[in-house]
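Asker: Chain by chain, the residues:
2 protein chains.
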Amino acid sequence: MNTAKPLILLTNDDGVCAKGLNELLSMIASLGDVVVMAPNAGRSGSACSITPNIPVRYSLVEEREGVTVYQCTGTPVDCVKLALEQVLPRTPDLVVSGINHGDNASVSVFYSGTMGAVFEGCMKGIPSIGFSLCSCMPDADFSACEPYVRQIAGRVLEKGLPEDVCLNVNFPALKKLKGVKTVRMARGVWGSEWVSAAHPKQEKCFWLTGSFTNLEPEAEDTDLWALERGYVSVVPVRMDVTATRAIAQLKDLEAL
Amino acid sequence: MNTAKPLILLTNDDGVCAKGLNELLSMIASLGDVVVMAPNAGRSGSACSITPNIPVRYSLVEEREGVTVYQCTGTPVDCVKLALEQVLPRTPDLVVSGINHGDNASVSVFYSGTMGAVFEGCMKGIPSIGFSLCSCMPDADFSACEPYVRQIAGRVLEKGLPEDVCLNVNFPALKKLKGVKTVRMARGVWGSEWVSAAHPKQEKCFWLTGSFTNLEPEAEDTDLWALERGYVSVVPVRMDVTATRAIAQLKDLEAL
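Protein sequences, first through last, are from chains A and B. Numbers 17 to 272, taken from this note's numbering, label the letters of the first sequence in order. Numbers 17 to 272, taken from this note's numbering, label the letters of the second sequence in order.
Quick caveat, the hints were computed from the structure, so don't treat them as lab data. Computed from a prediction, not measured in an experiment: that's the story for all the values here. Among the hints, erroneous ones may be present.
One copy or two, it doesn't matter: identical chains are merged, so the pair holds either way.
List of simulated lysine-lysine pairs, DSS-like, C-alpha gap at most 27 Å [to be verified]:
{"hint": "1", "residue 1": "K220", "residue 2": "K267"}
{"hint": "2", "residue 1": "K194", "residue 2": "K175"}
{"hint": "3", "residue 1": "K194", "residue 2": "K220"}
{"hint": "4", "residue 1": "K192", "residue 2": "K267"}
{"hint": "5", "residue 1": "K267", "residue 2": "K194"}
{"hint": "6", "residue 1": "K267", "residue 2": "K140"}
{"hint": "7", "residue 1": "K220", "residue 2": "K192"}
{"hint": "8", "residue 1": "K267", "residue 2": "K35"}
{"hint": "9", "residue 1": "K192", "residue 2": "K35"}
{"hint": "10", "residue 1": "K191", "residue 2": "K267"}
{"hint": "11", "residue 1": "K191", "residue 2": "K21"}
{"hint": "12", "residue 1": "K192", "residue 2": "K217"}
Taking the hints into account, I'd like the entire structure generated from these sequences.
Answerer: Here it is, written out as structure tokens:
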């Protein structure tokens, strides 16, 4: 009988000091031994980016019963790669990322550093979950997430996930949540993405911003539908991004 | 009858001076009017990352008949977003990215800035293609790619691509190519990813590196299989990353 406690790797993209990470740590600490390897500052929008051209450093922040916290100069994906290969005593049973300050529903999954870390865990064969809250406030209220975080993480620790599948979990920013919906990612698009910025030499200079449009607001099986109605959305995300049905449609390329 | 020439947006992640970008520009220049918006220096491994916290600048590099070249301080995704909203006179007919110095087959599609730009084009509803060569050499020989680039880009300009599908095209680093295979991405994994680096204050400091393992070397329908045998690999990539079949398997989460 294996009596060892589960080993959980925790990271995020808002940085080691973010409220969302520390709240998530409190929520999952009773589920196992937790090692945090998180960026030393915010890395929002870092997607699956890695650091190929400068060295990456990490250092111990804090160590207490069942919890060890490190910070890292790299991206969320770097954090996972470093922890797996240089820090953890064995392959962890679970990778969790978040709780992100800001949602990662629909196509935002592509830009998300929170989900980048989750993809990395999944690529390494480890059950991996990203948690995000639909509020970007630094002092956002994460309290309603707790029972869902504990039960989803506990369920995944117990039963695992399908091969090459990870979870993108988003929470509405509400005091009371209505339950969970297991759904697909909505089709959506970002627009009006740039705001002109003054520049001392009049260079063309812009801040990235944007507004999001749900392209299928009527569909009742999407993450955005669930979130807008007060449900926690759980999207199982696949690592095989092949458009399988399109292979046959594009076989004519082989005639070139 | 619309007699306007096609409008093509070209970008990459190796930077505006990279040989691969300039070779690709030569290969596609006869297919339409080309606007280049590329990073001002290398951005390898930038995936779909964006620049949310500092301003992004762009400037004109060169303008000649049918070709306009800009450089940008942001990521490949920023380049596409900026070009679409601030620079191009209309929505382009095609987004191309590359030719990357280094392959983006199998799971490398997740880390690739080349493919990040392609994902962004596809998210905006534009037929989008990433081209990569299995050689990281700055002076790599791209000449064998030319007929394939022209025919694949020409075919996509003419017939488009399935909705929410883009192409990840990889070329073996060979003088003679055997043809095209339309395939799926291979399952693979990176390992041995860190090399310890000396640090003046003995901090824990590492360079990211790694070796790649094909987890299904026998499968004959993958990009790695095709590339290892001298074929150009074309993987149609989907933007809906929902693991559709897993939704039913994970409906029990709704009981929480």
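Asker: Now tell me, hint by hint, if it's right for this structure.
Answerer: Each hint, compared with the structure:
1. K220 / K267: Classified as neither; 43 Å inside a copy, 49 Å across copies.
2. K194 / K175: The answer is within: 24 Å in one copy meets 27 Å, while 46 Å across copies does not.
3. K194 / K220: Cα proximity of K194 and K220: none, with 46 Å in one copy and 45 Å across.
4. K192 / K267: between (51 Å within a copy, 21 Å between copies)
5. K267 / K194: between (46 Å within a copy, 15 Å between copies)
6. K267 / K140: For K267 and K140, only the inter-copy Cα distance (25 Å) is at most 27 Å; the intra-copy one is 31 Å.
7. K220 / K192: neither (45 Å within a copy, 43 Å between copies)
8. K267 / K35: neither (50 Å within a copy, 30 Å between copies)
9. K192 / K35: within (20 Å within a copy, 56 Å between copies)
10. K191 / K267: between (52 Å within a copy, 24 Å between copies)
11. K191 / K21: Classified as neither: same-chain Cα gap 32 Å, cross-chain 55 Å, threshold 27 Å.
12. K192 / K217: Classified as neither: same-chain Cα gap 50 Å, cross-chain 49 Å, threshold 27 Å.
Of the numbered hints listed earlier, those contradicted by the structure are 1, 3, 7, 8, 11, 12.
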